[in-house]
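Chemist: Produce the complete structure using the sequences and hints provided.
Going down the list, the protein sequences come from chains A and B. Position 138, counted from 1, in the first sequence is what my numbering calls 138; the numbers after and before it change by one each time, with no gaps. Position 126, counted from 1, in the second sequence is what my numbering calls 126; the numbers after and before it change by one each time, with no gaps.
Treat the hints with caution; some may be incorrect.
Heads up, simulated EDC-like pairs for lysine to aspartate or glutamate below, C-alpha to C-alpha not over 16 angstroms straight-line [what the hints assert, rightly or not]:
{"#": "1", "chain 1": "B", "residue 1": "K332", "chain 2": "B", "residue 2": "D152"}
{"#": "2", "chain 1": "A", "residue 1": "K123", "chain 2": "B", "residue 2": "E101"}
{"#": "3", "chain 1": "A", "residue 1": "K123", "chain 2": "B", "residue 2": "E102"}
{"#": "4", "chain 1": "B", "residue 1": "K332", "chain 2": "B", "residue 2": "D283"}
{"#": "5", "chain 1": "B", "residue 1": "K201", "chain 2": "B", "residue 2": "D228"}
{"#": "6", "chain 1": "B", "residue 1": "K332", "chain 2": "B", "residue 2": "E318"}
Chain B stretches covered by chain A per the calculated footprint, using a threshold of three residues with CB under 8 angstroms from any CB of chain A [claimed, not checked]:
{"#": "7", "segment": "18 to 29"}
{"#": "8", "segment": "91 to 103"}
No lab work stands behind these hints, which were simulated from the structure alone. For every residue, glycine included, the Cβ atom is placed at its ideal position computed from N, Cα and C.
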Amino acid sequence: MKIVGAMMVIGASAWLGSLIANNYRQRPRLLGRFAQAVEMLRSQISYSYTPLPQAFVKVAENNAGYVAKIFGTAAGLMSSGQGLSGGEAWNQALAHWGPFLPLDQDDLILLKDAGNALGLTDKTDQERHLTLALEQIRHRIEQLEVSASHTAKVWFYLGLSGGGILVLVLL
Amino acid sequence: MAQNVTRAGKSRTDFRDAIQPFLAPSLREKCATVLAGSVPGLEEIRIRCGRPLMAIGGNGDFFITPQGTISQSPAQAYLPDREDLDRSLQLLGQGSAYALEEQLRSGYITLPGGHRVGLCGKTLVESGRVMRLINISGLNYRLARAIKGLADPITRYIVVGGKPAHTLIVSPPRAGKTTLLRDLVRQFSVGIAELGFPGVKVGLVDERSEVAACYGGVPQMDVGFRTDVLDSCPKAEGILMLIRSMSPQVIATDELGGRKDIEAVEELISAGASLFTTAHGSDPEDLRGRPGLAALMEWKVFERYIFLGRSLGIGTVEKLTDRNLGSLINDKFVLRPRPGSGD
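Modeler: Here's what the structure looks like:
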């Protein structure tokens, strides 16, 4: 009975550790999807001068999960008749969905900054802003990819060993 | 006039529905009664940063109060702030300044329904050319009105020898020349049953998008089913393009006058097409002061001159003359559609 209990405690804490580890692995993946979406948005602006509400909808339709939700929400806000700028709509959408994302505060600030100047300037300037935002997101992804695998392993083994220690204490 | 306007398909509900979504939320309620008809013959709503909110109607200027009522006193008027203008501009451009580059250069935005918004602010100039407007400080919502049948009283003068005559409509601002040109285009395109005149192919060069009021390339005004529209196209190039590609029997364009335009008119005459056009002015002397138009007058190109004014109200035909400026009418009159016209 004790052995079964000990196994359950170790399993649970290992599972908790792997959850946190998985979260670390998700961050660069999600940021990668945001990078693709921003690239698509830049194309919509560069090649077809698509107004932001429609461009947001197109990006949302070509994505899934939280990326689609954020772009879809931003499109809805811009079409709501409040006269919101692209940056305002983007920030509100991000503020709404941000708490559900497996991203830390720095990641969210990066995404927020990417949308600040949306729609405010001419095409050339929009391209410049979005290209810069893309570079920053990609740089962030690179940093995370290096650390994520290491950090994820640490959390998994921390969970496992934490469970082991707990079992020893309880016994 | 209001009845005709309504019959032509532009009711006050149309105005409200077309204009309100493009006003900042803070201005919508204030302008609601004006758009609902409190200013007779509403033509414009003027929003200037820090200055009285105004409505321009057929009977003059009115001021819009913070409560949305109208007043004769500027002291009672609501003063729009930067936020009002910025929010309105975001709505007009769907928050996408890059999609408005051409409009910000030309100074106006066309809305669905053909209504348009004039823009004022600081101009950015490069090599003597206006590149765009920034710091927009004034918006002028101009309501488009198509009055079908407006040209009814004068079409018989325009058909000469079974052909549309080269016609110049001359008027000061806000006397109805664009509205008249639009209806002439429509009638000659569709055909005029009363005169036994079959419709002809009409090419419209709409440089300022005022006649057909295209939105997304589609005319928002009825300009007739045989009319081909070149939207936002410089007049001279547009006339030549139409001659080469669309074989029009009539070419119509608003506000002719530049030297290049006159060269294009020579081509048009050689091609055997008729010209309907307009010019700012009040009398023949105004036209003679402009080299391009003076040359066309000298060559007696125009077979009909229609001088519009406001002496009896908007759309008063003050004079209607032949190519020698000999009058064809005894008295001035106000243009009105015949009963049942344009239905």
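Chemist: What hint numbers does the structure not satisfy?
Modeler: none
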